[in-house]
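Model the full assembly from the supplied sequences, consistent with the hints where possible.
There are 2 protein chains.
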Amino acid sequence: MQDFRTFLPPERTLMGPGPSDVHPRVLNAMARSTVGHLDPLFIELMDNTKQLLQYAFKTTNALTMPVSAPGSAGMEACFANLIEAGDTVLVCVNGVFGTRMVENVKRMGATPVIVEDTWGEQTSLQKVEDALKQHPDIKIVAFVHAETSTGVRNDAQALCEIARQYDCLTIVDAVTSLGGIEVDVDGWQIDAIYSGSQKCLSCVPGLSPVSFSDKAVEVIKSRKTPVQSWFLDMNLIVGYWGQGGKRAYHHTAPVNSIYALYESLVMLKEEGLENAWQRHADGHKKLVAGLANIGIDMVVDENYRLPQLNVVRIPEGVDDAQVRKQLLDTYNLEIGAGLGDLAGKVWRIGLMGYACKDRNIDHCVAALKRVLT
Amino acid sequence: MQDFRTFLPPERTLMGPGPSDVHPRVLNAMARSTVGHLDPLFIELMDNTKQLLQYAFKTTNALTMPVSAPGSAGMEACFANLIEAGDTVLVCVNGVFGTRMVENVKRMGATPVIVEDTWGEQTSLQKVEDALKQHPDIKIVAFVHAETSTGVRNDAQALCEIARQYDCLTIVDAVTSLGGIEVDVDGWQIDAIYSGSQKCLSCVPGLSPVSFSDKAVEVIKSRKTPVQSWFLDMNLIVGYWGQGGKRAYHHTAPVNSIYALYESLVMLKEEGLENAWQRHADGHKKLVAGLANIGIDMVVDENYRLPQLNVVRIPEGVDDAQVRKQLLDTYNLEIGAGLGDLAGKVWRIGLMGYACKDRNIDHCVAALKRVLT
Numbered sequence: 071m072q073d074f075r076t077f078l079p080p081e082r083t084l085m086g087p088g089p090s091d092v093h094p095r096v097l098n099a100m101a102r103s104t105v106g107h108l109d110p111l112f113i114e115l116m117d118n119t120k121q122l123l124q125y126a127f128k129t130t131n132a133l134t135m136p137v138s139a140p141g142s143a144g145m146e147a148c149f150a151n152l153i154e155a156g157d158t159v160l161v162c163v164n165g166v167f168g169t170r171m172v173e174n175v176k177r178m179g180a181t182p183v184i185v186e187d188t189w190g191e192q193t194s195l196q197k198v199e200d201a202l203k204q205h206p207d208i209k210i211v212a213f214v215h216a217e218t219s220t221g222v223r224n225d226a227q228a229l230c231e232i233a234r235q236y237d238c239l240t241i242v243d244a245v246t247s248l249g250g251i252e253v254d255v256d257g258w259q260i261d262a263i264y265s266g267s268q269k270c271l272s273c274v275p276g277l278s279p280v281s282f283s284d285k286a287v288e289v290i291k292s293r294k295t296p297v298q299s300w301f302l303d304m305n306l307i308v309g310y311w312g313q314g315g316k317r318a319y320h321h322t323a324p325v326n327s328i329y330a331l332y333e334s335l336v337m338l339k340e341e342g343l344e345n346a347w348q349r350h351a352d353g354h355k356k357l358v359a360g361l362a363n364i365g366i367d368m369v370v371d372e373n374y375r376l377p378q379l380n381v382v383r384i385p386e387g388v389d390d391a392q393v394r395k396q397l398l399d400t401y402n403l404e405i406g407a408g409l410g411d412l413a414g415k416v417w418r419i420g421l422m423g424y425a426c427k428d429r430n431i432d433h434c435v436a437a438l439k440r441v442l443t
Numbered sequence: 071m072q073d074f075r076t077f078l079p080p081e082r083t084l085m086g087p088g089p090s091d092v093h094p095r096v097l098n099a100m101a102r103s104t105v106g107h108l109d110p111l112f113i114e115l116m117d118n119t120k121q122l123l124q125y126a127f128k129t130t131n132a133l134t135m136p137v138s139a140p141g142s143a144g145m146e147a148c149f150a151n152l153i154e155a156g157d158t159v160l161v162c163v164n165g166v167f168g169t170r171m172v173e174n175v176k177r178m179g180a181t182p183v184i185v186e187d188t189w190g191e192q193t194s195l196q197k198v199e200d201a202l203k204q205h206p207d208i209k210i211v212a213f214v215h216a217e218t219s220t221g222v223r224n225d226a227q228a229l230c231e232i233a234r235q236y237d238c239l240t241i242v243d244a245v246t247s248l249g250g251i252e253v254d255v256d257g258w259q260i261d262a263i264y265s266g267s268q269k270c271l272s273c274v275p276g277l278s279p280v281s282f283s284d285k286a287v288e289v290i291k292s293r294k295t296p297v298q299s300w301f302l303d304m305n306l307i308v309g310y311w312g313q314g315g316k317r318a319y320h321h322t323a324p325v326n327s328i329y330a331l332y333e334s335l336v337m338l339k340e341e342g343l344e345n346a347w348q349r350h351a352d353g354h355k356k357l358v359a360g361l362a363n364i365g366i367d368m369v370v371d372e373n374y375r376l377p378q379l380n381v382v383r384i385p386e387g388v389d390d391a392q393v394r395k396q397l398l399d400t401y402n403l404e405i406g407a408g409l410g411d412l413a414g415k416v417w418r419i420g421l422m423g424y425a426c427k428d429r430n431i432d433h434c435v436a437a438l439k440r441v442l443t
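Residue numbers (our numbering), protein chains in the order written: chain A, 71 to 443; chain B, 71 to 443.
It is possible that part of the hints are untrue.
Where chains are identical, the list cannot tell them apart; a pair therefore holds if satisfied intra-copy or between any two copies.
Simulated pairs of lysine-lysine, DSS-like, Cα-Cα distance not exceeding 27 Å [claimed, not checked]:
| # | residue 1 | residue 2 |
| --- | --- | --- |
| 1 | K176 | K294 |
| 2 | K176 | K209 |
| 3 | K285 | K197 |
| 4 | K395 | K316 |
| 5 | K291 | K176 |
| 6 | K316 | K415 |
| 7 | K128 | K285 |
| 8 | K395 | K356 |
| 9 | K339 | K427 |
Simulated from the structure, these hints should not be mistaken for lab results.
What follows is the structure in structure tokens.
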């Protein structure tokens, strides 16, 4: 058996689809002394983390907390708690994460009604409305707000409004949107939403902030069958993450990762949510201009393009993998490959959270220019 | 909204049921620069982490890796992958974590056959054999190796042998045993096993090492129905944690937590597995002697007592919560409360991983003595 040594990673610049650059304050928080997960000081930290997540999500939802696992588990938490076998769920698919939603629906014994749109385009509101008319048994409308695979922003506000007209609950994937563009859980009346720590929150990967409306909580409490996942059952988790005072043991929270998430949320609050959105919008404009100068075009229409996840066309004749390898090896710079149908055709350049700053944008454009010429 | 500041935790001594003290090397690893989860250097780190987990579990099982979530999710991963609706599963219950297994079995649409023993006693091999004779349809035997709620070691080797005689698969909870007492996955022919990072591995909470035998992998591959959890489906995770080369994206691994787990395993390897077990046995003896001196008795028979989790009787007339609060407030020392039927009657004193050392043992006995007199 080989000799194993302490791993000393290089300092990469993370401009892929996530994880994105983690702020040093957040990394420092990770290394602080671990306290017990039922320690009164940790319980206070949990309460403060909840309040800061309410701020980030723009909600007063009492059931707002981080699931102790990555975004995929946050997705599953939303679906598993709201769906019962036999339900019908409308899922909007215009990228990888929509298809993952369909997979979740199926594994819960529910029937998906799929509204499909071209990757790189928005979900059609008309198609959603047509499907809702055609299938009066639909209980939930699920969609991805910021499609990390395509760089498209779906119209969350409009989709929620249509869903409400047809008396449906909504599940929204905000993994890549939270902290980067407007997300307004109460204003848009979203029923269940999940995000990830490692995108625009500038935190390490591993946690999934979620929030459930009071209406969603009622649905969860009055289920006919138990939630199929014990680990993700909100009926139990609420006793662990409940507001103030006594906690019922459920699982052991990832204490140091919560330190990190808390610190990243403190920083978001210091900057101000709207300022963070503006910073992403400004950074995006600079990046687009810089890329245009070296002949690299955007794939998505600017009216529904994500500032924090820039999907760009790989120029003719360029070796996708070779360029990414060279950026990584020579410049310690990571950009993302295309997924699914877009593999080999696009790069995904992330400007998320701490990674969205002039230093990174200048470096990325300059490094790409050198590698491509 | 209040002002939120950076959280600066005190330096606690963690001698409860976990999380236990985290080694500074592991905390330092947490704070290192985050790399992408598909970065070639991270993929190499994943491979090395797998090899070190194989060392810790004493196995050559190819499917050995950490689930990206706490021990409860590792438990669910084992049950969800091996069970299909309609299966019959024997569960040994002699503490909290056995009952949690029953809950898992039920939520998967399977039928539990429960073999119950008194909390504080071992699972009766005879009762297990009787149940297997009586229910020839049992497919899986599940039990907890080290019951964190009672401090009892169940006889994992003997239980696996009986299960094999009746052609059953085994699922073993090794959350508190791994790294603290002998666990021999290949020697005992365990089919599925899960542990936690925050106990005898001296790592932060949040990850659950698991291992599946080739026989278990065959069962998972030939399922008639999909695994009910997408996030925990080993058919997909194996493509992400697969040995060497190309990885299929599944979820985003908690990069910095993997740094930490890796570092803790490097340290286990440096110490040597058998030496770590011996250190726990030696520490236990010292603690028992020290506690006896101040009139505190052990609850569990010494033949099947866990060295790393000492369940002790609270002396007559002593206020449980008050003592624990005083230890925490005055000495920054955490010990654990009793769970379930044992609440108010016992304390749980952990000697896990880095926490199992003379400094802690001396401090714990001295502090308890002062608080009790």
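Consistency of the hints with the structure:
For the homomeric pair K176 and K294, the shortest alpha-carbon distances inside one copy (19 Å) and between copies (15 Å) are both at most 27 Å. Both within a single protomer and between protomers do K176 and K209 lie at most 27 Å apart by alpha-carbon distance, with minima of 14 Å and 26 Å respectively. Within a single copy, K285 and K197 get their C-alpha atoms as close as 26 Å, which meets the 27 Å cut-off; across copies the closest is 47 Å, which misses it. For the homomeric pair K395 and K316, the shortest alpha-carbon distance between copies (14 Å) is at most 27 Å, but the shortest distance inside one copy (51 Å) is not.
When the C-alpha separation of K291 and K176 is checked against a cutoff of 27 Å, the pair qualifies both within a copy, at 22 Å, and between copies, at 19 Å. Within a single copy, K316 and K415 get their C-alpha atoms only as close as 53 Å, which misses the 27 Å cut-off; across copies the closest is 19 Å, which meets it. In this assembly of identical chains, the alpha carbons of K128 and K285 lie at most 27 Å apart only when taken from the same copy (17 Å versus 49 Å across copies). With identical chains, the CA atoms of K395 and K356 are at most 27 Å apart within one copy only, with a shortest distance of 24 Å there and 55 Å across copies.
For a Cα distance limit of 27 Å, the shortest separation of K339 from K427 inside one copy, 18 Å, qualifies, whereas the shortest one across copies, 41 Å, does not.
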